[in-house]
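Visitor: Here is what each chain is made of, one letter per residue.
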Amino acid sequence: MMGRTIFIDPGRCIGCQACVSACRECDSHRGKSMIHLDYPDEGHSVASLPTVCMHCEDPVAPCAEVCPADAILVTADGVVQQADTTRCIGCANCVNACPFGVPKIDLQAKLQMKCNLCYDRTADGLAPMCATVCPTGALFYGTVEELQAERPGVQVVDSFTFGRTTVTTGVAMVVPADKVQWPVPGGLPVVEVNGVDVR
Amino acid sequence: MTEQPVPLDPSLAPPGTRNFRDAGGIPADRWRADQGGETLVPTHCCFCGVQCGMYLRVNKSGKVFGVEPRNHDINRMRLCPKGINAYQQVNHPDRLTSPLIRRSRDEPFRETSWEEALDFTAAEMQRIQSAYGNDAFGVLGGASLYSEKTYLVGKFARVALKTRHVDYNGRLCMVSAAGANKLAFGIDRAGNPFADILQTDCLLIAGSNVGECFPVMTQYLWGARDRGASLIVIDPRETAIARTADIHVALKPGTDSAFFNAVLHVVIREELDDESFISAHATGWAEVREKVAEYPPERAAEICGVPERQIVQVARMFARAPRAMAWHARGIEHHSQGVENCLSVINLCVATGNIGKPGAGYGTITGQGNGQGGREHGQKSDLLPGGRSITNDEHRRQICEIWGIEESELPPAGTSMMEMVWQMQRHEIRGLIGICNNPFVSLPNYRVVKEGYDAIEFHAQLDFFLSETAANAHVVLPVTTWAEDEGVMANAEARVVKHNKAQEPLPGVRTDTWVMCQLAQRLGVGDKFAFAGSRDVFEELRIASAGTVNDYYGITYERLEETGGIAWPCPSTDHPGTPRLFEDGKTYHPNGKIHMQVVEWHPPMDPYDDEHPMTLTTGRTVAHFLSGNQTRRLGALVEQTPRPWIEVHPSHGFRSGDPVRVVTRRGSEVFPALVTEAIRPDTVFVPYHWPVPTAANALTIDALDPRSKIPEYKVCACRIERAEQIDEVPEPPTAPGHHAYPETQVSRTDPLPPTVPQGRGTAERS
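Chains as they are written, first to last, in my numbering: chain A, 75 to 273; chain B, 701 to 1466.
The shape of chain B in the complex, shown without the other chains (with noise of 0.2 Å):
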């Protein structure tokens, strides 16, 4: 074996070099003294679950203006493009200032008193519940809170609403995993740090675009990849990642858990399972047995449209390795089989013995800031504070304990975020509030999602910039960014965080924990909503998730700035937090064990036929988050990846520019073609960022997992065509007297003209 070079001592390293950066990171003094006052505020990236740490530069005013990367144990100062610029939506010049309403959606919105705005609201709550009943006003969180407004959003709807109705955008995020998950292991979380990573043989990424949608977790992927693990991505798309792979499986759509079985049929067949960690560890092993030897490779091939040997190296490469570890994102959760997607991978590690060890273990990678502490406390349909069942009679008694209601007034589960707009649609749900979430953008199927939203009766929605979905509301209420306000997020890690405030909210803007308390007092519950801020919440929360499966209650503001996060469950004040799971070798079920589960491959829910014979599926880009609302008014993000595109094979005979035509059963839209041969033939890509009419979204399909309700996104079937024009990208919707698209904002004096556009999607690529 060659032998390493010995690493430097950090702290004989000396200043500019990176072992001086990781030793203590930058001097702030320096900025302190040198920028007239300027001082730097640690907190985390508002965006992915990576959960970056940076530093906001906040002038002498009290107001941020830049950002400077942060020597974190997560990111060790990297910043993606989206971190660098998140600073810039805190003073944009589009945020909104003062609450808007309308009493019909024909007038135009006018600028009102707070007052105004929570009264008219407050009394459309009383009146469509009165008439319709409770269960008439819906409630829709988002997962880019922080867990102290997700557990507040929940509270409100059943203690001040008395509704069943509330979910969140987490619904479409990392619900499968987090279902599966819940299966197999009976807790809802990754079950290693990304740490791990480093220390693997075989790492596994499974429909997951590291490099566009989680770049910041590249550092661990390579850094495995320098000592030599084996990579192996599974996509239907050459991504960045997949371009260096050891094997690349580009898979069609929707095939993903027929792949994994017939992977595990393989590793059974050569005998390279670890029968002794199972029969230790796992129960339901013979089912799974059985199953999976319906899966034979060339069964598989044919389905997933990839060359049989391909199966065969994946179980080798992944079962033969000392340790490896499997990490998956949307790409396989997206699906009306999205949790079983997710069972089939579990399946693999557990079968290879790959659990609860250094390197060897398995993951999602969340995709909104929050995804996984968004759920944890109750803003999900069907669960209280903790990961409490709402099912659960005794769950139900300890939560109306702490919130100090009676049991019978607590409301039974409620339905998942696209089943309530067909709830709309039918009239069935009168009234809503959002908060945080862009569902005109983000839901599939757009058609039905705006006829949902026209019909209801009253619509409110928090936010700090117009969406598309709040210009369709009656009252905006405008709240604070992440810079504005302080709490807590749990990363992909189940890692929480603590983000700090870095400027005051701007004159006119409220938080959101300050308009659901407002709102609570006029429904006549302010008792039970007397928090001062994000502090008090905490607390609360802190006890409600005491001696559940998601304890909190060991983490404390103090703590998290002293250690820079902690893994959640941590019981007491004096508990290190729980970075891996399962090192014990127990799960969280009753008995222990872990449950593996048997996996059915079915077709995805759009068919194939003569007119749609072609696969559409969807992601991310770098430059944008989710719903583009808060990165499509950011110049710099705006010019790297000015709209959507689509990726289609060179053998459909289109040159990259022309504009093509992709057709599906609910609706058409016409993208520039990019043309490339890393994307199978029979597949296209666009990405989703956008509203309509460049709206991937009003393509895909509203068919949901039947356990985990996630929406079908990443499969629909398609046929594109030759287009005339290529459909123009709307401005981002404004509020009276702001404007969408200011020059790019840079933190420095004296800015020059915005760079030429450049980058993926742009006509300069073609």
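Chain A on its own, in the form it takes in the complex (with noise of 0.2 Å):
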């Protein structure tokens, strides 16, 4: 069952990327950002979509399955590490394994970089630095059923398929729900939506 996660909401998003200055920002990154903003459907639409790591439980980590230097350390709580750098050899084997495009590789420093989940401030009962901001909810960080009591009726996708392959995340994607009209807490007359009834 997941646990508490980063939910990803595309129909949120306005690409201002508020994310990436935070990641920015965040202790984790010292100065780089390790999210970045997709424009899906580029010149007919302005949806954005943020890119986090997903941080795949099965199979778990195809980042650090594929790691010849064992530099990508999996914790117990599901978080995908990124590389430790007394081992990473900026070989780019986990750039090429990953199958969202999530980890980046510092060609200076022969090193890789990728969201860690913020694990300072996680560990620290933080949300991370990117949903933390997140003007929209785009991000949002939390378990399902706070998601949920925020947002009723959304549900989430935890698993995606590459081919024949298919990878089951910690990081979920939300679906939208339907359109209904919802009280807010304590209660609102019931009203019609679109001049339809919807008591």
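Rather than coming from a laboratory, the hints here were simulated on the basis of the structure.
Where hints are given, some of them may not hold.
[Said to hold, decoys possible] Not close to chain B: a few residues of chain A, all C-beta gaps over 12 Å, as computed: (1) Ser95; (2) Cys165; (3) Val169.
[Stated by the list, open to error] Computed Cβ-Cβ distance ranges for the label pairs, DEER-style: (4) Ser761(B) to Gly237(A): 34 to 44 Å; (5) Val134(A) to Glu1261(B): 29 to 39 Å; (6) Arg1365(B) to Asp198(A): 35 to 45 Å; (7) Asp112(A) to Ser813(B): 48 to 58 Å; (8) Thr1091(B) to Pro84(A): 51 to 61 Å; (9) Glu1428(B) to Thr149(A): 39 to 49 Å; (10) Asp198(A) to Pro1342(B): 27 to 37 Å; (11) Ala150(A) to Glu1261(B): 55 to 65 Å; (12) Ala150(A) to Glu811(B): 33 to 43 Å.
Here the structure is a predicted model, which is why all the values come from computation and not from measurement.
Note that beta-carbon positions come from the ideal geometry of N, C-alpha and C, so glycine has one too.
With the hints in hand, could you dock these two chains into one complex?
Guide: Shown next, in the form of structure tokens:
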């Protein structure tokens, strides 16, 4: 069962890159952002999508599995850490293995860097910096129950199929809820939507 | 109905969860203990009108070096990229740290002492005023200043300089909305707090790219969407919020009031108006009804270039919702009919009875941090402190009593910011002091602005970076950033929040308050400017506003620190403030009614012809703030959006990255194309944060709204053509010995090289 993790809700992303700036500011990455923003339908839509490490659970972290130097540690709570700088040889095997295109190699330093779910913050009871600041909640940190308490009706997806392989991840994507009128806590009168009575 | 999951009890929330965060925020002690003596100073972002709460990280040497999200009511930890990077300007290598002086514009700047700079400035003020009269010296303030300082700007102009010519850059921001609100409700502010958005059933956003201009406000929009509220977006571009709207009306720029008149026409035709609310609370309904009868949807559809059925859909969706709200911003305000546009939105809210209830009302989203508070206390040419009118004898008498001057000494109303520039061109204004503004980038029709500034004999500028405008000055006085002083700002909800001082001013830098008091002393009125700092000024401001509509009397620094913000009017120290207006059904007009106003649409001021068949519209990007003087120097934000671009529809045959020349009657510039279906085929868009030769405002028209005097930034006639070479963005001006572009600064040690540029407007996008 999924614990506390990041949920990505592309429907909310406004492409502001607050996550990118925040990641650069967090203690883990020392000035380099480990998030990037994709524009999946460029030219037709302004849609954007933040990409963070998905912290693969099954198979466990392909990046770690292929690392010849055993530099990528997966913690007991499923967080795939960035490469240990004393072991990483900058070979980029992890880059090739990752189905989501996440790890980056700093060519000058010959070191791999990737999102480690702000382990310094999450281990201390804080949310990762990107999900903390995200103005829209496109990046949400918490449990599925907390997400659904805030966003009634949404479902999440944590398995993705690449060819014949299905990868189950620690980070999940949010599937939008059907358009339904929900009461706010405390209850508001039931109303109609688009001219249709939804009582 | 589907059952809603039960929210968790925040007090039981485990650490690391959102509920934990919302219940208590981050454990500040951890940072103090673990980060080598670091402290977190609670304050607010210096940029837009949302005024997000944040902590500035201060190291044991007392220097600001980073930011931490703060669990403040307004933003609940969220920050946009501007907020995250704002701290970098405090100790930026490009900060001005010594007064600069030159006797003529042909000379280079030299660093000088404060004594010489202030003496020279005061002497020039006296020389110009004795030669040409008091009104020959103008003062231009800014809406990014704390309210205390905006109060001081107004007082300085009228008491120390005795000039009628004082105005501020909020004139370029939301004065249309202010004018409309004043006409309709007798009070100049949004009617509802942001939190009301969560309770609405239908949200109409007109002319506001919330995602890029006020990103943190989207949490309220999406919050409303989560519980099923419908979203209507009126914008010529498909913005990030328009993308997910139930109805996106991509109307032709400059046609908003025709559209809203037609929406009201349908509301009346389908008997969706709230006659009982109107008869109890409003005047002018019969005239409005008569006028909107002239705007059937088929006529408006033709004017606005949108399908007729959309107008009907919008009317039904808005009017049938039990609670509906309308929020608007510069998109409908930056017009020669800006006041009419805002009034047409207000008419719709009033006619459907959506006023003064949770989830029902209207609001305008302030662009500048203190765009709301910046005009409340006398910085605007026609207003005295407390929003008093400078033409009202009783108001003049009241304020003269507080200031201890004779009524005959108080100058009459002056002209607006753009009109002052025209007066500079005509040599009616011969000297100017600018505080916290950058008209070389922010005013329309750059050529006129440059001519105006070049024509004046003396120009002084207070700023903390050498802006494009300051680079034209004779004297530049280096002043503090927001983090080096304390003060209050009023956000878009009219919630007054307190900013705290996080570090001592850099050596050589003084506060704007100190500078104005020193100049006043040299002008012989030091006794009326005996302020030690912001706190003293605020005490006088409270008294000066007491009993007015903009009543701050009950707000104190201590209360602001305790409560996290109080919305005015707040007449006594035990008054909770007024987050939502008109709950008792009364407005601030003497008869307590809403004065509905007849709105007539007229075409934009720049006519279309065969040479200029298309519309140029302008706006912001998320990474930059207004004229970019602050944000164009911060590495991360420059990387995010290094330059402006032109958004064009694919039907014009360009490919992304092609050089496209846009030509208006004021000039032409070449930008890289961003080809996208997110814009109307008859319209192009250029963001406006950059100086010439990449300044959208070198192309826009200096036509003004006759009532609010806001320039018509959002629509001018243009044509586009293929060009050879893209105009390059110049580096920001710098003082001797300074440099403009440091590498991306981060609060951490061991910075790695900057990331590859990405995002809108960069080559990587194409």
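Visitor: Does each hint hold? Answer for all of them.
Guide: Cross-check of the supplied hints:
no.	hint	verdict
1	Ser95	violated (4 Å)
2	Cys165	holds (19 Å)
3	Val169	holds (15 Å)
4	Ser761(B) to Gly237(A): 34 to 44 Å	violated (56 Å)
5	Val134(A) to Glu1261(B): 29 to 39 Å	violated (49 Å)
6	Arg1365(B) to Asp198(A): 35 to 45 Å	violated (60 Å)
7	Asp112(A) to Ser813(B): 48 to 58 Å	holds (54 Å)
8	Thr1091(B) to Pro84(A): 51 to 61 Å	holds (54 Å)
9	Glu1428(B) to Thr149(A): 39 to 49 Å	holds (48 Å)
10	Asp198(A) to Pro1342(B): 27 to 37 Å	holds (36 Å)
11	Ala150(A) to Glu1261(B): 55 to 65 Å	violated (43 Å)
12	Ala150(A) to Glu811(B): 33 to 43 Å	violated (60 Å)
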